[in-house]
Every structure is written in C-alpha cells, then in structure tokens.
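Student: Listed below, chain by chain, are the residues.
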Amino acid sequence: MKSVEELLAIKNKVKGQMSVRSENEEGNVRVLVGMATCGIAAGARPVLNALVEEVAKRGLNNIYIAQTGCIGVCQYEPIVEVLEPGKEKVTYCKMTPEKAVRVVTDHLVNGQPVAEYTIGAATK
Amino acid sequence: MRELSLNILDVAQNSVSAGATRIEIDVLQDTAAHTLLIQIADNGRGMDEETVRRLPDPFYTTRTTRKVGMGVPLFKMAAEMTGGSFDIQSAVGAGTTVTAVFRTDSVDFTPLGDVESSVCALVTMNEQIDFVYTRRVDGREFVFASAEIREMLDGVPLNEPAVMTWLAEYLAEHAAAVAAPQK
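Protein sequences, first through last, are from chains A and B.
Letter by letter, the first sequence follows residues 1 to 124 of this note's numbering.
Letter by letter, the second sequence follows residues 1001 to 1183 of this note's numbering.
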C-alpha cells in the first residue's frame, strides 16, 4: 500500500526544486485538457492520466497540467491545448493516451509540435 | 458514458463551476440489496426551483458555447434505466445534492468503473476545493479527505505530476481493499 511517508518524501524533493523553478516562471508551459461532458465522454480522463504519468516519469518540472471546459468543438474531443509562453497555442484533437505520450515526448520535451494531431490537420 | 465514474467526474464539475469550496462524493454499495448509491453534495451557490426543474432537459444549459447540457440528463438516465432513482436537492445559497440510486442486478446497469481515477482528477485539478470521498462496500469503508493531503504537502501543489501519480495509486489501492471480498 502507498504510504503517506512516500508523499512526504515527494513533498521534500519537490520543495527543493521549487525555489529553482520559481526563478524562471516565464518558462512554464501549461497543458489544458478539456473536461466537460463531451470531453469526458470522448475519453479525456485516460488522456489526462497519460499526460500526468509521462510528465512525472520524465521529471519535467516546468509543465502545469490543468483542466478546462468545453471550447465548443465537441466533435473533436478529447482536446488538449498546449500553451507555451511567447508561442502560438497548439490545439490537439481526438486525443488518445498514446497520442498524449507522443505530445509529451515530441512537443514538450523536444519542442516539436505534432502537426498531424492538431485541429488544423483534422479539419483539412 | 461508458462508466458511472465518468458521470461522477462530469457531474462533480458542475459543483466546481458552482463555486463550491467543499464537495462530498459518496459511492455506497450494498451487494446483498443489489443497490449502488452515488451522491455528489456541494456547498456551492445552489439553484432556484425553476433551474432544478429544467436541469434534466438536455436542451437546457446555461452555457453559451453550445446549446445542449448533457451531464445531468445522462446521469439521470443511467440511474432510471436500471429501475433506480434520481434526485436533486438544491436551494440558492445552500448548495446542491445530486443522488442517484442504481439497481446493480439490472441488465442496463452501467459498470461503476474507475471512480478513484475520477476523484484523483477532481482533487488534483481543483486545489482550492476540499473533497471528501467515501467508498463503502457493505460494511467496509474508505474515506479520503483532500484537505489532509494538502496540509501534508505544505505548499507543494496537488497538480505536481509526482503527487498526482502517488495519489492515483494511493486511492486505487485503498478502494480496492474496500471492494475486495473479506477473507
């Protein structure tokens, strides 16, 4: 069973990194997952879990994963938006856990948005 | 919705939107009676009678980005399909309580699915809200209060990926212990 001691260890580790992190706040990337009825029904929850797991596994500490509502294009859910400071927002649609992992590796780690998963590619 | 746990995630979002500071989620199962009760209670802004009355109508929504509101109607349908019941108690300023009772022996019973995954998403995505999750199967019970975890984290955000991963496993393990038949 997972224990609270493990949580305290995580807390202490993260606390140590937090002072470093807050010094360059502008480098933070926000990843938003659409979690309204449409998104949830289409499979947003496993996509969110996959994002979290991959980000945690790689120890990326400038990534903030959050949820958002319905942006009005329910037919393209699950939708994931990546907001990087100073860059145009990238909207990924019809996401799956597998696609989410690739977004983390290609886009968040290597800085190369996955063009084929974007809403621009889907609506062509 | 493929799992009731997704309905829980969805309906609880309404509590979040209602500005709740405390949301209680109860999933109470009685295997002998073949019933499952799911209750989501919040202390949000609540609704007037007219709004409550129109809520089960899929073409009623307060949103402006689209014309339908499917969350509550889908949850209600899932419960009533099994021969269960559905109820919303709400008053302006007094919060809202949504209660759905399911007959688990009905062929139309939607599997409960991974409630802990929904709870984990809700807890970690809404740092400012106190969640209390109660999972009961017959006599066995697991109660989780997010406020305790937040206190322990001492400023480290709940949506820190390492924390989220820990919480997901913590919830899953404890709920599994409740769901497993007693030895």
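The reader is advised that the hints may include incorrect statements.
Claimed, not checked - Quick look at which bits of chain B chain A covers, simulated, 3 or more residues with Cβ under 8 Å: (1) 1007-1015; (2) 1066-1077; (3) 1128-1138.
What the hints assert, rightly or not - Computed Cβ-Cβ distance ranges for the label pairs, DEER-style: (4) B:E1049 <-> A:V4: 20 to 28 Å; (5) A:V4 <-> B:R1054: 39 to 47 Å; (6) A:K87 <-> B:G1019: 45 to 53 Å; (7) B:Y1060 <-> A:T123: 48 to 56 Å; (8) B:E1049 <-> A:E88: 27 to 35 Å; (9) B:A1147 <-> A:E5: 16 to 24 Å; (10) A:A121 <-> B:E1049: 22 to 30 Å; (11) A:K13 <-> B:E1080: 42 to 50 Å; (12) B:D1154 <-> A:N28: 27 to 35 Å; (13) B:Y1060 <-> A:N12: 28 to 36 Å.
Since the hints were made in silico from the structure, they are not lab data.
C-beta: ideal position from N, C-alpha, C; glycine also.
Student: The structure should be examined with respect to each hint, and the outcome stated for every one.
Tutor: Checked hints:
1. 1007-1015: holds (count 3)
2. 1066-1077: holds (count 5)
3. 1128-1138: violated (count 0)
4. B:E1049 <-> A:V4: 20 to 28 Å: With Cβ atoms ~44 Å apart, the hint is violated.
5. A:V4 <-> B:R1054: 39 to 47 Å: With Cβ atoms ~44 Å apart, the hint holds.
6. A:K87 <-> B:G1019: 45 to 53 Å: With a Cβ separation near 32 Å, K87 of chain A and G1019 of chain B fall outside 45 to 53 Å, so the hint is violated.
7. B:Y1060 <-> A:T123: 48 to 56 Å: violated, 29 Å
8. B:E1049 <-> A:E88: 27 to 35 Å: violated, 46 Å
9. B:A1147 <-> A:E5: 16 to 24 Å: holds, 19 Å
10. A:A121 <-> B:E1049: 22 to 30 Å: violated, 47 Å
11. A:K13 <-> B:E1080: 42 to 50 Å: holds, 48 Å
12. B:D1154 <-> A:N28: 27 to 35 Å: violated, 21 Å
13. B:Y1060 <-> A:N12: 28 to 36 Å: violated, 49 Å
Of the hints listed earlier, those the structure fails to meet are numbers 3, 4, 6, 7, 8, 10, 12 and 13, in rising order.
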